[in-house]
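Take these sequences, add in the hints, and give me the full structure.
Taken in sequence, the protein lines are chains R and V. Everything in the first sequence is counted per our numbering, starting at 1 for the first residue and increasing by one. Everything in the second sequence is counted per our numbering, starting at 313 for the first residue and increasing by one.
Each hint should be verified, as a subset may be incorrect.
What the hints assert, rightly or not - Short, incomplete list of chain R residues facing chain V, as computed with Cβ under 10 Å:
1. LEU48
2. ILE101
3. PHE117
4. ALA124
5. LEU168
6. LEU171
7. ALA197
8. GLY239
9. VAL292
If you are wondering where the hints come from, they were derived from the structure by calculation, not from laboratory data. Model, not experiment: these values are computed from the prediction. The beta-carbon is built from N, C-alpha and C at its ideal position, and this holds for glycine as well.
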Amino acid sequence: MANVKLNPLEVVFWLCTLLPFVLAPSYLSLASQIAITALFALSLDLILGYAGIVSLGHAAFFGVGAYVAGLIAKHYWTEPISALLLSGLAAGILGYALSHIVVRFRHLALIMLTMGFGLLLAEAANSASDITGGADGLQGFRVPGVLGFGFDMFGRTAYAYSLALLFLCFLVCRRIIHSPFGLALRGIRENATRMPAIGAPNLAHLRKAYTMAAMFAGLAGAALTHTTSTVSLEVLSFGRSADVLVILILGGAGRLYGGIIGAIIYMVARDQFSGVNPQYWYFWIGLLLVTVVMLLPNGVLGGLSALHKKRQ
Amino acid sequence: MLFDGFAYGMLLFLLSVGLSVTLGMMNFVNLAHCTFAAVGGYCTVTLVNRLGWPFLAALPLAFLAGALLSVVLERALFRRLYRASDLDQCLVTIGIAFMSIAAFAWFYSTEPQSARPPAYLIGSFELMGRNFGTYRIFLAVAGLLITALLVFGLEHTRFGARVRAAVDNQRMARGLGIDVDRAFMLTFALGGGLAGLGGALAIEVIGLESTLPLSVILVYVLIVVAVGGLGSIRGSFVAAIVLGITDTAGKYYFPWLGAFLIYLVMVALLMWRPLGLFGKR
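And the structure:
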């Protein structure tokens, strides 16, 4: 386990994430959105980048986490940490249930099934409007604060909360992928027939990875609910599933930091461009996507590391 | 109502048959397929509303517009991706769909567009005590006609034989001296053209907005392809009709369920037969 310790570059990176507190206090709520999106992308990276499961419906787990957190805050209590854990658990349970089906499929059927489950859940949330608020969203609750710090209007607490959550989950994910289990996942991604031949239980491994990814996505969803105090149907939408995939690919799948870098680039760019013209933002993201896939097959981080190797 | 569903199904069939064949032939996951439909639709809107063409005369041009765009994209981009992973294909085509949405919004605004069909296609008439929408009848007849042409073309011509050979076994087809690349380009053009035509015909039924390339219609098209089975025209036909009727009936009898029923049926079918109802491989 040589590379389980954070290397200096990583320490610098994580210290940099504290900079918004000092340098851009007016952008803290954007920064907290970025941290949440990064966690969501990280959860997708576990299954897509490491286990090779393509999913076009990952927002299902994000949405379940968001709605569970919202319902707890609205009807029961407003203490966020316990609600966060419960939301993650709920998303994890759903992920575990679905994993039994999902891991058996590949190719088009897999893409269609993950998309189908996502759409199914979005429709269900839309129909059950007396629980979820339907198209109006879940409103009328407020999470006052976390661990004694109130959520302020500048988003200082919100960013601290999302960043802490991202960092903790990142450490857990890092530990997972450096474990023998993580190695087995990469083995399955590279050669799905060879792994069972050397005695690795493929489907069980994939199920575990899928469940964990669902749990992390649920945590991200719950954090969004806590920091914004609303839940809209958008958390379950196909658009969110597609966005997170774009973010991960942009940054580079299968390298932990890919999702985080992708989230930073994507969210900052969206914040800047959509201020000018929200509809045309999609043109640039589409162009970026085509360019990245055609020219930088491993995303921005993959391109950087290739450049670095060439230099050496 | 059964008939309305049938007409809707014919529309879905036109939109999806091209995707089914190209997916079956080259295993190319094209999520930008509905872009071709939108191009056909916008082409019709422009011709009819701005240049005053008759609706029926605009339809062949909608076909041509879809076909042209699909050939350009195939030659420029998709051709390089045949050997890439599913994920890369998905991403590039989603990127194209994103770009097209923004482009349509740029040129035509995000408002829903319409192109009125001529007066003799509007309204309804009674037959044996039932009320039929004239446009639906037109849709059903046109759809059946095109299907018949398509089936004839694929089963009884040399071109069709080449395409079928390439779908069934690409390497063998190549070995026999069939120019698979060319067959694929033509199939792609045909599929894109049919989608363009479908998009033009669909304006009156489902409307035309700039978000069409990634709307629920794309989901329906994918459902038709996935459920019907890759590369199977018969499968797509059956799946499209069933989907059209189920959707129309569902909206009529269980409006609170929305599209829930459709997705449920799709997921169940895919779990039962991942290769689709008529899938061979």
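For each hint, the structure was consulted:
1. Hint on LEU48/R holds. Least Cβ distance to chain V is approximately 8 Å, under the 10 Å limit.
2. With its C-beta approaching chain V no nearer than about 6 Å, ILE101/R sits inside the 10 Å limit, and its interface hint holds.
3. A hinted interface residue such as PHE117/R counts as satisfied when its beta carbon comes closer than 10 Å to some beta carbon of chain V; here the least separation is about 7 Å, so the hint holds.
4. Contact between ALA124/R and chain V, as hinted, is supported at the beta carbon level, the nearest pair being about 6 Å apart and thus within 10 Å.
5. Using the Cβ-Cβ criterion of 10 Å, the hint placing LEU168/R at the interface with chain V is not satisfied: the shortest such distance is roughly 29 Å.
6. Because the closest C-beta pair between LEU171/R and chain V is about 27 Å apart, greater than 10 Å, the hint is violated.
7. Taken as an interface hint, ALA197/R does not check out: its beta carbon lies about 23 Å from the nearest beta carbon of chain V, beyond 10 Å.
8. Of the supplied interface hints, the one on GLY239/R holds, with its beta-carbon coming within about 8 Å of a beta-carbon of chain V, less than 10 Å.
9. The restraint placing VAL292/R at the interface with chain V holds, with a minimum CB-CB distance near 8 Å, inside the 10 Å limit.
In the structure shown, a violation is registered for the earlier hints numbered 5, 6, 7, in ascending order.
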